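Q: Based on the provided sequences and hints, a complete structural model is requested.
So the sequence lines, in the order shown, correspond to chains A and B.
Under full-length UniProt numbering, the residue at position 73 of the first sequence is numbered 73, and the numbers go up by one with no gaps.
Under full-length UniProt numbering, the residue at position 189 of the second sequence is numbered 189, and the numbers go up by one with no gaps.
Please keep in mind that the hints were generated in silico from the structure rather than gathered at the bench.
All of these numbers come straight from a predicted model, not from anything done at the bench.
Mixed in with the good hints there might be a few duds.
Claimed, not checked - A short, non-exhaustive set of chain A residues, derived as facing chain B with CB atoms under 8 Å:
id, residue
1, Val20
2, Tyr22
3, Gln32
4, Gln36
5, Asp62
6, Gly108
7, Thr112
8, Leu114
9, Arg116
10, Thr283
What the hints assert, rightly or not - Estimated spans, in silico, between C-beta atoms of each pair:
id, chain 1, residue 1, chain 2, residue 2, range
11, A, Gly253, B, Gly106, 26 to 36 Å
12, A, Ile27, B, Ala174, 29 to 39 Å
13, A, Val136, B, Ala205, 44 to 54 Å
14, B, Asp122, A, Val217, 52 to 62 Å
15, B, Ala171, A, Arg106, 49 to 59 Å
Note that beta-carbon positions come from the ideal geometry of N, C-alpha and C, so glycine has one too.
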Amino acid sequence: MTAVAERTETRPAARAGAWVVYRWELIKLSRQVKAQVVFGLCLLAPFLFVAALNVQSNTPQDTLFGRWVHDSGFSVPLVVLGFAGQWALPAVTSVVAGDIFACEDRYGTWKTILTRSCGRSQIFAGKTLAALTFSVAATVLLGLSSLAAGVLVVGRQPLIGLSGTLLSPGHSTVLVLESWAATLLPVLGFTALGLLLSVASRSSAVGVGGPVVVGLVMQLASLVNAPAAVRALLLTTPFGAWHGLFTATPFYGPLVQGAIVCAGYFVLCVGGAYALLRRRDITGG
Amino acid sequence: MADNQPAVEAHGLVKRFEDTTAVAGVDLRVGPGRVHGMVGPNGAGKTTLLTMLMGLVRPDAGTIRILGQQGGSLDGVAGFVEAPRFYPYLSGRRNLALLADLDGGGARARIDTSLEVVGLSDSAGARVGGYSVGMRQRLGIAAALLRDPRLLILDEPASGLDPAGMRDMRALIARLAEDGVTVLLSSHDMDEVEDLCDDVTIMRAGQVVFDGTMDELRDKAPDPAFRLATSDDERALALAGPGVEVRAEGDGLLVHAQREQLDAYVIALGRDGVAVRRLDLESSALKALFFRLTESDAEERGVPTKEGP
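A: Shown next as structure tokens:
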């Protein structure tokens, strides 16, 4: 250790905004293998899926649009969406959301960042925004990659809609993008659930695994014919809300209902996480 | 902040964790520009007190005023509680850049200087995951210096450092104090506190058992203790004169005496044909007082307490 740093005139430090935290969370994510792996999988998995379908004559007929995977490339992103909504998207989103607060406990860095000129609210906002950004980016990447894989490998043939009408390639593209956009609502809901578990449990395992387990339990509740009111309140139900877009006369009721349910989950989970973090005594990490 | 305003002023601080009262009605005053030590055994409440001062833990009762401000503002305050921790997958420099951005102001411009001060310039590009404990400790100091603090709060700053690192850390703290930075440091090491501090607070079981200047503490300290081995312990016991308390303990003798009386006692032993085979300092006067204050009921033993709950 050498000379002491020359002191400058001291004045109250300006409070760093949430955007500073947000920017650093994105930088930190870019350095983490898990984020790189998730983005790599979102990019490559659809191509591997299509390649696997191409070497076999069978089609995933029990999945919506599954019977058309050899006939129209636009069916591929919809089949992927059907699979992803069951467990992959909750898993993808929770990889970051479920860990973004708990990792500070794991590394013991809460005391490091909470003793700077940056309040808990700013840190919460920055981290939450970063997790949401990651979830949206991963979902968009998976959707675009699926669309690209279908169109490039299978082709731009017209898609047969759920009412049996033929949808032009242009119309199909718009509907596919709308379907994936609609999926962002439950994705954000699961992200919020991951954030809550991350803050509440202080455990990355619970934060990351919890939303996946919750998603599977909700899927199970749907499969065993839970009452309609219960199914409507499940966070997994909005994953299928896009089906109404592919009928001759589109219906948007499930989308609206799904948006309300997802908003409810989002507000409750994010609000709960914020309240917990605000009140928490930082004793360990 | 006015020049004579305390850097830290806390009154009646209480913190309970379920059934345990970690801090029980503590008052603390740290004068501006002073180096204030906080000592006590494990579980005394030192770290909990520091975490409350740094706004990491909310007190159940009491008030805290830091650099004249109430309400958890950390402007002008820096330091770390327990071991400083960083993101292991980022380099030391990257960690400091992150913290500097969280601080805002001119903190980024101080990164290079801070690294140089703690001697980490050469390894700043390496990931913190590969740092030794001592390097992380020094990075913690660098992170604190980024804030150009007026009050530095350090919890066991020499912990994990090798002897040379400890020496450098103490020198750094002394230089910061000379620059007018108020330092509040906790330590297990009474020698470290004696070397560095102007004032000291001794805690035990969540309470303050001594609070005052080092000189006041020295005045109240008992005679230091020495372990003595001789060729004839029985004769040595009999030769103990005024101001020298000798008793048999273990396979030797334990002597309580001031240096002058001890010198006279050793000379007397030699004159009487008793060879001194070993004479070691068992505990310094301050250590002896520290043990007395923290290992027993201070009031029962009549140990003076300048300030306490």
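Q: Look at the Cβ atoms of Asp122(B) and Val217(A) and judge whether their distance stays inside 52 to 62 Å.
A: holds (53 Å)
Q: Would you check whether Asp62(A) satisfies its interface hint, that is, whether its CB is within less than 8 Å of any CB in chain B?
A: Constraint on Asp62(A) not satisfied, violated at 42 Å.
Q: Hint says 26 to 36 Å; check whether the CB-CB distance for Gly253(A) and Gly106(B) agrees.
A: violated (56 Å)
Q: Just tell me: holds or violated, for the beta carbon distance of Ala171(B) and Arg106(A) against 49 to 59 Å?
A: Because 34 Å falls outside the window, the suggested range is violated.
Q: For the hint on Val20(A), just tell me whether its beta-carbon gets within less than 8 Å of chain B.
A: holds (5 Å)
Q: Please check whether Gln36(A) passes as an interface residue: C-beta within 8 Å of a C-beta belonging to chain B.
A: violated (12 Å)
Q: Do the numbers back the hint for Tyr22(A), that is, is its least Cβ distance to chain B under 8 Å?
A: Violated, about 11 Å.
Q: Does 29 to 39 Å hold as the CB distance between Ile27(A) and Ala174(B), or does it fail?
A: For Ala174(B) against Ile27(A), whose Cβ atoms are near 37 Å apart, the range 29 to 39 Å holds.
Q: Close enough to count: is the Cβ of Gly108(A) nearer than 8 Å to one in chain B?
A: Constraint on Gly108(A) satisfied, holds at 4 Å.
Q: State, for the Cβ atoms of Val136(A) and Ala205(B), whether the hinted interval 44 to 54 Å holds or is violated.
A: holds (52 Å)
Q: Under 8 Å, Cβ to Cβ, is where Gln32(A) needs to be relative to chain B, so tell me if that hint holds or is violated.
A: holds (6 Å)
Q: Was the hint right that Arg116(A) lines chain B, CB cutoff 8 Å?
A: Arg116(A) check passes; min Cβ-Cβ to chain B is 4 Å, inside 8 Å.
Checked against the numbered hints given earlier, the structure breaks hints 2, 4, 5, 11 and 15 and satisfies all the rest.
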